[in-house]
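Position chain C relative to chain R; hints supplied.
Residues per chain are reported as follows:
2 protein chains.
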Amino acid sequence: MHIDFWFEFGSTYSYPAAMRIEKLASQQGIHVNWRPFLLGPIFREQGLADSPFNLNPAKGRYMWRDLERSCRALGIPFQQPSQFPRNGLLAARVACCFDDELWVPAFIRAVYRANFVVDTDIADPIVISSCIAGAGEDPEAVLEKAQSPESKQKLRQQTDEAVRIGIFGAPTVVVGDELFWGNDRLEHALAWAKS
Amino acid sequence: MHIDFWFEFGSTYSYPAAMRIEKLASQQGIHVNWRPFLLGPIFREQGLADSPFNLNPAKGRYMWRDLERSCRALGIPFQQPSQFPRNGLLAARVACCFDDELWVPAFIRAVYRANFVVDTDIADPIVISSCIAGAGEDPEAVLEKAQSPESKQKLRQQTDEAVRIGIFGAPTVVVGDELFWGNDRLEHALAWAKS
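Protein chains in written order, with our numbering: chain R, 1 to 195; chain C, 196 to 390.
In isolation and in its complexed conformation, chain R is listed as follows:
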C-alpha cells in the first residue's frame, strides 16, 4: 500500500504536511513516495506571475494566520519566513534525483525547517549543503549529481506529470486516481488508501 506525496519546497501548506506524513502513513502501514515538483511553471501556465497568496493580499494575510494556527494545533514549530515564496529549485532537484534513497525524507524535512522555522534562504547552496550533511550524505557529491542534465530533466518531467494527473497546487496526496489537496486533506487521503 502506498501514496504519492506531491510537494513544493516553497509552498506553505506543504510544510506541515511534509513534517507529518511519514509518521502518520507508517502507523497505518502505508509507504510514502516523495514526489517533489515545481509550482512556478504551473502558476505561470495559469497566467500568474507570483504566488496567489501574494497576488491576493486578503487571501495571503489569511493564509499566514491560518498556517500559524494550524501548526500550533499540530504541535509543529513555525515562523513566518521573511521572504515568500522562496525558490525551491535546487532542493527539488536533490529530492527528485535521489527520490528512492533512504536519507531523502530527512533531507526534505531539514529543508522545510530551514525555510519555515529557521527562516534561511533555501535557494542558497550553502543552506542545502547543510541539509544534505544533516541527512548523512556528502553535499559536494550530491549537489553535483543533482545538477546534472539528467537530474534537471527528471524534475521537469515530474512537474509535467503533476500537471498531467490534474495537480494544480501543493501539497497534493494521490491515492490511485484520487487527489487530496492541502495539509487538511492528509487524514482523508490516508483513510482513502486504507479503504
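Quick caveat, the hints were computed from the structure, so don't treat them as lab data.
Among the hints, erroneous ones may be present.
Said to hold, decoys possible - Keeping only pairs whose Cα atoms sit at most 25 Å apart, straight-line, the calculated DMTMM-like set for lysine to aspartate or glutamate is:
| no. | chain 1 | residue 1 | chain 2 | residue 2 |
| --- | --- | --- | --- | --- |
| 1 | C | K254 | R | D100 |
| 2 | R | K59 | C | D319 |
| 3 | R | K59 | C | D355 |
| 4 | R | K194 | C | D379 |
| 5 | C | K254 | R | E187 |
| 6 | R | K59 | C | E240 |
| 7 | R | K59 | C | D245 |
What the hints assert, rightly or not - Facing chain R, from chain C, some residues (calculated, C-beta under 8 Å):
| no. | residue |
| --- | --- |
| 8 | Y257 |
| 9 | F363 |
| 10 | L374 |
It should be emphasised that the depicted structure is a prediction, and the values quoted were computed from it without experimental measurement.
Ideal Cβ positions, reconstructed from N, Cα and C, are used throughout, including at glycine.
Structure of chain C alone, referenced to chain R:
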C-alpha cells in the same frame, strides 16, 4: 457566545457548511449570525470575471470531486448542479433583509438544497418563492420587501463589510477577529469560539 457565518448562495463549499453549522453550533451553546454576501463583486475586484473554479479547470475538476467526497463523508446529499455558479442575488437579498427572523435558517437551507440537491435555478423567483413558502412565510410579501431599495442597500453594505474585515471567499466563519475559511474549518471555528 456567537459566531458570524458569512456565506454566498452560489458557493459550493458554503453548501455543506450551511447545512451543518446550526446544529453543530447549538450543540455547543453557540449562536449563529447568518451573514449572506456576494462573491461576484469581490472576485471582480480581484480581476476575475468568473468563479476561480471555472477559470482554472484543474482546480474546478478537483473541487467537484472533493465536494462530492466531503458531502458523502458528512452524510449530506449532493448532486453537481448543471449550471455553476448560479446567481444567488435574490436569495441573498431575502436572507439579508430578514436576517433576524427565525424562519430564515430554514429558508437558507431550502435554497441550498434547490441548488445543490434538486439542481434548480435559484435565480428564478419561482424557486425562491417556494423556498420562502417552505419556511412558512408569504412569498409575495417577503419578495416585495426584499427587493426594496433599503434591502438592496443593506446587502451592498454587508458585502462591503465582508471585504473590510478581510473576507475573500466563502464560507467564512468569523469569531471575534479570527477568520476561518472553508467548510473544513467549521469545527476549528467552533472550538475557537469555545476557547
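Hint by hint, here is what the structure shows:
1. In summary, the hint linking K254(C) to D100(R) is not supported, as the alpha carbons are separated by about 29 Å, beyond the 25 Å threshold.
2. Between K59(R) and D319(C) the CA atoms are separated by roughly 32 Å; this puts the pair beyond 25 Å, and the hint is violated.
3. Under the criterion of a C-alpha separation no larger than 25 Å, the hint pairing K59(R) with D355(C) is consistent with the structure, at around 16 Å.
4. Pair hint K194(R) plus D379(C) holds up; C-alpha atoms about 21 Å apart against a cutoff of 25 Å.
5. Annotation: proposed proximity of K254(C) to E187(R) holds, straight-line Cα distance about 20 Å (limit 25 Å).
6. Our distance criterion of 25 Å between C-alpha atoms is met by K59(R) and E240(C), whose separation comes to about 13 Å.
7. A threshold of 25 Å between alpha carbons decides the hint, and for K59(R) with D245(C) the separation of about 17 Å falls inside it, so the pair holds.
8. Here the hint on Y257(C) is kept, as its CB sits about 6 Å from the closest CB of chain R, short of 8 Å.
9. Annotation: interface hint on F363(C) holds; nearest CB of chain R at approximately 4 Å, less than 8 Å.
10. Hint status for L374(C) relative to chain R: holds, with the closest Cβ pair at about 6 Å, below 8 Å.
Checked against the numbered hints above, the structure violates hints 1 and 2; every other hint is satisfied.
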